[in-house]
Every structure is written in structure tokens, then in C-alpha cells.
Amino acid sequence: MTGIPSRNSASALGKRVAPADVVKSGIAALKDRWTTRTRFSAHRRWITWTSEGPELGASTRLARCVEGNEARLVALLSIAFERPVGADVIGRLKRAEADFRNGAIARSAMEIALANLPPLDDLESGRRLHMAAGLLDLGFIDPLTLLEISDIDGSEVAKLLKYSEDQPRVPAGQGGAGQWTGSNTSRAEELAVAMPEGCHEEWQKAIEICEDLLNSPNPSRALTGGHTTAYGCAKGLVSARCGGNPV
Amino acid sequence: MSVRDQIYRAYKLNDFNACYRILNAAAPGKDREERNSITYWRSTILKAEGRFTEALSALEEGHVDFDCASLYSLMKARLFVRLGRSPEAIAVLQSAPVVDEHETYPALTLEAAYYLCALLIESGQPAPADLLALIPDDFITMNDQKRFVGKSDLLKGSA
Numbered sequence: 195m196t197g198i199p200s201r202n203s204a205s206a207l208g209k210r211v212a213p214a215d216v217v218k219s220g221i222a223a224l225k226d227r228w229t230t231r232t233r234f235s236a237h238r239r240w241i242t243w244t245s246e247g248p249e250l251g252a253s254t255r256l257a258r259c260v261e262g263n264e265a266r267l268v269a270l271l272s273i274a275f276e277r278p279v280g281a282d283v284i285g286r287l288k289r290a291e292a293d294f295r296n297g298a299i300a301r302s303a304m305e306i307a308l309a310n311l312p313p314l315d316d317l318e319s320g321r322r323l324h325m326a327a328g329l330l331d332l333g334f335i336d337p338l339t340l341l342e343i344s345d346i347d348g349s350e351v352a353k354l355l356k357y358s359e360d361q362p363r364v365p366a367g368q369g370g371a372g373q374w375t376g377s378n379t380s381r382a383e384e385l386a387v388a389m390p391e392g393c394h395e396e397w398q399k400a401i402e403i404c405e406d407l408l409n410s411p412n413p414s415r416a417l418t419g420g421h422t423t424a425y426g427c428a429k430g431l432v433s434a435r436c437g438g439n440p441v
Numbered sequence: 071m072s073v074r075d076q077i078y079r080a081y082k083l084n085d086f087n088a089c090y091r092i093l094n095a096a097a098p099g100k101d102r103e104e105r106n107s108i109t110y111w112r113s114t115i116l117k118a119e120g121r122f123t124e125a126l127s128a129l130e131e132g133h134v135d136f137d138c139a140s141l142y143s144l145m146k147a148r149l150f151v152r153l154g155r156s157p158e159a160i161a162v163l164q165s166a167p168v169v170d171e172h173e174t175y176p177a178l179t180l181e182a183a184y185y186l187c188a189l190l191i192e193s194g195q196p197a198p199a200d201l202l203a204l205i206p207d208d209f210i211t212m213n214d215q216k217r218f219v220g221k222s223d224l225l226k227g228s229a
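Protein chains in written order, with the working numbering: chain A, 195 to 441; chain B, 71 to 229.
Simulated from the structure, these hints should not be mistaken for laboratory data. None of the values given here were measured: they were computed from a predicted structure. Check each hint, because a few of them may be wrong.
As a list, the in silico DSSO-like pairs of lysine-lysine whose alpha-carbon atoms are at most 27 Å apart [unchecked claim]:
| hint | chain 1 | residue 1 | chain 2 | residue 2 |
| --- | --- | --- | --- | --- |
| 1 | A | K353 | A | K288 |
| 2 | B | K221 | A | K225 |
| 3 | B | K221 | A | K399 |
| 4 | B | K82 | B | K216 |
| 5 | A | K288 | B | K216 |
| 6 | B | K82 | A | K225 |
Construct all of the structure, not just a fragment, from the sequences and the given hints.
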């Protein structure tokens, strides 16, 4: 593993990449965001399921859900641990996600533990994962290329990609590169967040309550938590089952 | 007890009849914040019931009591979108004092800025640079389809 892939190394492999200025500003934004993350985000040594998907390292979101993101998940875990991670981890992640959706948080954590992945202890691994996930999110690279230029064996990821060759995928150079996409699905549908039943509505109502609270020059700090975004405020009103702050 | 304190529970339980009882029984008098809350919730509940035209009328009736003009514009824009009148939604948000109000109402102006950028991109127009700059990279909100979306979704859409 030689660090974060550069545009040149991707080009050398003949992969389609975004224009240089877009890549440059995207990477700069990722670096800035890393500074904020190290200061304000919890460090997750183990994969932790949240309402927005599994997180690892500096609360880096690995994917929004497992379905359709298998190659991305295996690639990111391989980058984080600097070694090829087997595709069999997907089975565990799927069960962990299902348990989380059903509100069985402890069982979800147990499935993660049974995946036998080491803890992500050091900050550098967290930074590497943050940058890699950001590059995939921005559509600068696809999961297989990410591994190729990081000198990590990508055969497990290639295997996962092979399973659904007939299914259309978002091409490299576009947002969500490498992720499966349905022919009739909108971007919003592609970004579907895996959450337990009723949680989307709970979040929506919490955001509406927060908008009412925040429509005052001096909103009650006790209710809004002093947050400056509706999402941050809503997190304090949503149940822990749906990813809200634990009471 | 204020309308706000009473209505949250009923609204969370989808008990719209109880919500209307609370709103109809309220006597805000000269309390502008209370009047604003009544307008906000009447419009929000009508919207939740799918009565978008009535929600719009309720909102417009009480618009003078809104502390944050960007929130008023945002609510109006969301209703316009539901009514299939996206160009009007864009127009109302374009005239909202989003940047001017940002310091006082950061949360609500960010929501308005994001919504306007998303609508513009959806209609094939570029998002204003000043509004994009206002939105932090880690900003998260919920869109009309109840999906979490962030700034990267806007950037992807405008690429």
C-alpha cells in the first residue's frame, strides 16, 4: 500500500478519471474535512452500524447499505487494513445490517465481531480510509482501480463484480462509481439509506420540529442541543433505534 | 403551555385531529412567536395530510409573523414542488434573504440554500456559487423523498 492513489496513477492504468481541477479541489476538500473529523468525530475501532450505514475509523461511512455496495465495502476494508479482505465478509455485514434494521443492536455488533477483522487503531489507517471513501463518493475512481493502484490484490473485489455483470453500474468518473444501479432508479433511490421501519418518518418529523424550534433568534439550547443544522438538532430528538443520540 | 409544547407529541403520533384541536384552541393574542408557531404547524400538518393548496394558504395567511423569512420561503417552495410548480419554488427561494439571514438562522438558511441548489440542478441550471460555498462539506439533510442527502450529492448533480 503506497498511500492515496493519484490521478496520474489512475490515468496510467487507462482508467477514466475526472478533470484535474475537479480532482484537485475534491482532494483538497477531503483533506480539509479530515482535519474537522479528527477533531469532532468519534474514532470507531470496529465497524459500527448507524442509521446512515456502517462506519469505521473517523466515523467514515463505508456505504449507505450493503446491497449493491459489496465491491465498495470489500475494497474500503482492504484499504483500511492494508491487506485483501475476503468477500465472505459480506455475509456477516448483511446479517449485521439486518439485525440493526430490526433493532437488534447487540446482535448486529456480534456479527461484526464474528467477521474477525482487526481493530482500526491508528489515525493513519483512519485517514487512508477517509480519503479512499471520499474518492469513491466523488466518483473519481472505482473500487477495483482503487485496489490496483494501492498494490492490494483485487481478486476478491473482481469476483464480487463478476457476480452481477449483467446489472448496470455507475461508471468511473461519475458519482457512486462502481456501485450497482437499476435502469429505472433515480439518484435518490440509489442513495437509499438502510434504516429500521418507520425511521425515515421519525427523522422527518424531528427535522420539522427542529425547524420550528430554530425559527427563533434564541432557540432553547436544551431542545436544539445548540446545533446549527436541522439534522444535528433532529439527532437529539430521534430514538437511538433510528440513529438518534442515546438518551 | 405553548402550542409548540403540546403539539409535538400529537404530531409524532400522527394524531392530526389532536393537532387541530390544539391549534384551534390556541389564543396567541399579541405573542408573535406563538402566532408563528400556529401558522407553522397548521401548514405542516396540512402538508402531512397531503392538502398542499390549503397548506400554502395557511402559510401565506401567517407569513408576517415569521422571524426567519428564509424558512417561510423554504416552506412555500416545498409546497410549490408538491404542487408541481417547481419554477415558482425556485423563484420564491431566489428572492429569500438566505445569505443575509445566515448568521442569525444558520440551520434554516442552510436548508433553504440546499433546497434551492437542488432544485436548480434538477432543472438543469447551475447552483449559485455563494450558496454552494455557504453549505459545509459535511452538511446532511433529508430531501422530499425522505432520503438523507449531502453536499456531495449536489456536486455530483452539477458535474
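Point to revise | Violated constraints from the hint list, given by number and in increasing order | key: The structure breaks only hint 6.
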